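A.B. asks: Single-letter residue listing:
Protein chains: 2
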Amino acid sequence: MKKTIFVFSALIIALLVLFQLGKYSYVSGNLSIEIAIAAIAIVFFVIGVFINRKTLRQKPENRTTINHEKIEQLGISEREYEVLVHISKGLSNKEIANRLFVSESTIKTHVSNLLVKLDAKRRTQAIQNARSLQILAA
Amino acid sequence: MKKTIFVFSALIIALLVLFQLGKYSYVSGNLSIEIAIAAIAIVFFVIGVFINRKTLRQKPENRTTINHEKIEQLGISEREYEVLVHISKGLSNKEIANRLFVSESTIKTHVSNLLVKLDAKRRTQAIQNARSLQILAA
DNA sequence: TATGCACTCATACTAAAGTACCAAAATCCC
DNA sequence: GGGATTTTGGTACTTTAGTATGAGTGCATA
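First to last, the sequence lines map onto chains A and B. Positions 94 to 231 (this note's numbering) are the ones given, in order, by the first sequence. Positions 94 to 231 (this note's numbering) are the ones given, in order, by the second sequence.
If you're looking for bench data, these hints aren't it; they were derived computationally from the structure. It is possible that some hints are incorrect.
If several chains are the same, the list does not tell them apart, and a pair holds so long as it fits within one copy or across any two.
Unchecked claim - Under the rule of at most 27 Å between Cα atoms (straight-line distance), these lysine-lysine pairs were calculated in the DSSO-like manner:
| hint | residue 1 | residue 2 |
| --- | --- | --- |
| 1 | LYS210 | LYS182 |
| 2 | LYS187 | LYS201 |
| 3 | LYS214 | LYS182 |
These figures come from a predicted structure and were not determined experimentally.
Generate coordinates for the entire structure from the input sequences, incorporating the hints supplied.
C.D. replies: Okay, here's the thing in structure tokens:
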């Protein structure tokens with residue numbers, strides 16, 4: 094926000110400066126109005142480019158919004174989703190079991206359910222499908 | 094590419110038009126050079142904004158630039174990388190073997206080598222590591 | 001209360017995945 | 001031509017992953 098204000102201030106100043114230049118070249122006998130115009134065009138073109146770049150560069154960071162409705166829609170429970178996240182991080186069933194303080198059997202059950210709900214045959218495919226459904230962060 | 098050419102053509106035409114406008118306002122007795130200059134500034138500012146938006150909107154699609162140097166650095170061969178890509182798509186060793194017209198044994202060898210080179214214990218972890226190394230598209 | 005759902009866990013399998021070790025072609029490069 | 005690297009493939013084995021089935025617990029709610 095502060096940057097936007099700064100850029101606009103610079104924009105106004107540039108406008109005033111160019112007005113003065115325009116007047117001067119007019120008074121001093123039409124030295125080169127065209128060059129002044131070209132300069133104005135270039136300056137404001139560059140300003141336009143810069144402003145846009147700064148505003149658009151912030152978007153790519155929060156690009157992956159997790160689709161919570163989709164998760165519900167697929168009937169994936171909270172615990173199952175938790176397991177899914179751990180799978181996508183590359184953990185084995187045993188490792189996930191340790192992190193969630195449950196037995197490996199439990200994780201296997203969750204994984205099996207996840208594979209059905211995500212229409213996958215393998216956990217790697219589940220990751221891929223979940224990503225394309227925007228259920229997992231890219 | 095074609096769009097870029099079109100935009101630049103439009104840009105040049107706009108420049109010429111504004112030159113003419115500038116001359117006219119000068120000849121017709123200093124009607125309002127300042128207004129003309131303001132118009133030029135606004136027009137080129139808008140053009141700058143538009144060009145940037147079009148060029149930056151294409152990036153989010155191929156936002157993940159694959160780091161080819163990293164692949165080399167890790168000593169991952171072409172064939173191994175090919176296998177890695179298929180793994181990330183969620184294919185089994187057998188499926189990869191069929192797609193690449195080689196035996197499953199060969200794929201297993203490639204996968205084992207990949208796991209060492211990517212410092213992973215499982216294929217899911219290999220995917221995750223490869224992604225964080227920007228070797229695979231997100 | 002009982003009915004359903006989520007979570008838990010176990011057993012017994014089958015199927016993949018991954019390791020270790022070896023080795024023959026094929027390709028590349030000096 | 002010959003060495004290095006890549007690609008291919010095999011066997012034998014261990015480890016994970018995944019399936020099928022059944023069952024107990026807790027919790028919310030009709």
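A.B. asks: Sort out which numbered hints this structure fails and list those numbers smallest first.
C.D. replies: Violated: none.
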